[in-house]
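For reference, the chains in residue letters:
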Amino acid sequence: MRTLEEVQATLQIAKLNEEDLNPTIHCLSFGENVSSADYCLMELDDTLCKHIEAGQSLVIRGDKDERAVLCSCDKTYDLRIANTSNLLLFVPGCKTPDQLPITQDRACVVHAEIWGFCNSYWEPRKQRPKLKKLKKLLMENPYAGVPLAGQEESKENRYTMQDLLERIQASEEEIKNHLVTIHACQIDGCWCGLDFDYEMKLLSHVTQLVDSESWSFNKVPLQTSLEELAPLEPREMIEHCLNCYGRRYTDKGEVFYALHEDKVCRGLALMLLQNAVKFNLKEFQEVWQQSVPEGMSTRLEQLKGVVLVDRASSPETISLLKVEDLPEDTLERFNLLFTLREKWTEEDITTYIQDLCGEKQTTGALLTKFARSSLQNGIKVFNSRRPVAT
Amino acid sequence: MVQIVIRGSVDGCSPPQWLLVELQGEMVSRHNSGLAGNVMGDLLYTKEGVPVLIVGHHILYGKLVKLEKPFAIPMETDHQGLTSTSYTVSALIKQKLIFKTRPKPIITNVPKKV
Chain A
40 MRTLEEVQAT LQIAKLNEED LNPTIHCLSF GENVSSADYC LMELDDTLCK HIEAGQSLVI
100 RGDKDERAVL CSCDKTYDLR IANTSNLLLF VPGCKTPDQL PITQDRACVV HAEIWGFCNS
160 YWEPRKQRPK LKKLKKLLME NPYAGVPLAG QEESKENRYT MQDLLERIQA SEEEIKNHLV
220 TIHACQIDGC WCGLDFDYEM KLLSHVTQLV DSESWSFNKV PLQTSLEELA PLEPREMIEH
280 CLNCYGRRYT DKGEVFYALH EDKVCRGLAL MLLQNAVKFN LKEFQEVWQQ SVPEGMSTRL
340 EQLKGVVLVD RASSPETISL LKVEDLPEDT LERFNLLFTL REKWTEEDIT TYIQDLCGEK
400 QTTGALLTKF ARSSLQNGIK VFNSRRPVAT
Chain B
7 MVQIVIRGSV DGCSPPQWLL VELQGEMVSR HNSGLAGNVM GDLLYTKEGV PVLIVGHHIL
67 YGKLVKLEKP FAIPMETDHQ GLTSTSYTVS ALIKQKLIFK TRPKPIITNV PKKV
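Listed in order, the protein sequences are those of chains A and B. The numbers in the numbering used here rise by one with no breaks, and the one at position 36 of the first sequence is 75. The numbers in the numbering used here rise by one with no breaks, and the one at position 106 of the second sequence is 112.
FYI, nobody ran anything at the bench for these hints, they're computed from the structure. Any given hint could be a false lead.
Away from chain B, derived, C-beta distances all over 10 Å, residues of chain A [stated by the list, open to error]:
hint	residue
1	Pro131
2	Glu205
3	Gln208
4	Ser243
5	Arg287
6	Phe318
Beta-carbon label-pair distances, calculated as ranges [to be verified]:
hint	chain 1	residue 1	chain 2	residue 2	range
7	B	Glu74	A	Lys321	55 to 63 Å
8	B	Pro22	A	Gly344	44 to 52 Å
9	A	Val185	B	Val8	33 to 41 Å
All residues carry an ideal CB built from backbone N, CA and C; glycine is no exception.
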């Protein structure tokens, strides 16, 4: 270990004047066990740093063939390795000038050990969570109603929250929010999806009851609904349907639901379009309006992201195209969209690429990269950059 | 799928803060004896707070910089028999001493004019 005299001798040779220097001198040396492979640095943004300082945890998730992601309790980050040509040394015992005593008469040596060093670090970048797999898993064995007499309900391929955390590359909060979005239900502690036809059956029971009882769709009484519909379906499922399509509230001690107009209209539209490839737009709009509860109005805007309207054909048609069914990969998504339709207006295509945007990325940037624009009848349209078979 | 937990701390307290020293280039030991256990150099500060590093016969002037994005140093946790891998953040780095300027050689033997 170097002594003060040795250090002062070095200063003299280096022609540094002790008077110009802070009296504390750090003598740095490499620790006995130092090597560069064992330690990794991870860059943290403000949110992650506060997480760690609060003692909370982060989780790295990924399958062997997947890219690793870093999850906090409510956000997902892509993990990449960044390299630097500089050498980064980490020194635990080293102080900065503001941490050193200002007044000190005599020079002194502090021995500080270099704990480790490296040239690269992990760089997390916020990204959209990979949730498509969640719906896929939950639809392996969706709930489709009470099984017929003699048949047993299969409990396979139903997942607990813990199971989902082990399979989905997303944070817990993002998973929980998505479960609500896709109307998943929990049966005996396991999550599963709801079979679409069954979900529509439940919704029809509710809307028909509302109409036959002449209730306002903003004030649907829970208790009465359960009593009236119990002979048809399990109570938990009726309540689940009301939770998916309405907002729960209490009035004078009684529980009511305010049905969400947009959600109900959208659900019933999906039911109508489910079995047809294309529907005559005008006919569809008439049938659709008739199918919704009294007092609700249907509007095409409610179907943004789930239907494609073709105004170029004669007669105009409408067909099902759900964003959630499209590929998660950007290039695959664009290829599919251009296979379905050669030229898209900006308004139409934006709906189907909005969810691809990363942080600080706009749909405009995506279109510039993945599509080519041209003018058709004075309107800007986008088509594929390469030949696509339609 | 693999889940690797990185814990903020073992006892709920904020991790200690270390300092990062960033150098351009490579560090080689004089006699090729490897770096472990060897002295690296002397770090001093001028009265104005400028960091100065003397490594071998080089002298480097640097700057104290606050990191825009702090670093965490996760180290494998000692799990005493548990099978799953987990890490704990041993330290956070919020500042660095960066030495970007060209090292100046320290001349120890100035030949006397004859």
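Hints, one by one, checked against the model:
| no. | hint | in the structure |
| --- | --- | --- |
| 1 | Pro131 | violated (5 Å) |
| 2 | Glu205 | violated (5 Å) |
| 3 | Gln208 | violated (8 Å) |
| 4 | Ser243 | holds (39 Å) |
| 5 | Arg287 | holds (34 Å) |
| 6 | Phe318 | holds (41 Å) |
| 7 | B/Glu74 / A/Lys321: 55 to 63 Å | holds (58 Å) |
| 8 | B/Pro22 / A/Gly344: 44 to 52 Å | holds (49 Å) |
| 9 | A/Val185 / B/Val8: 33 to 41 Å | holds (39 Å) |
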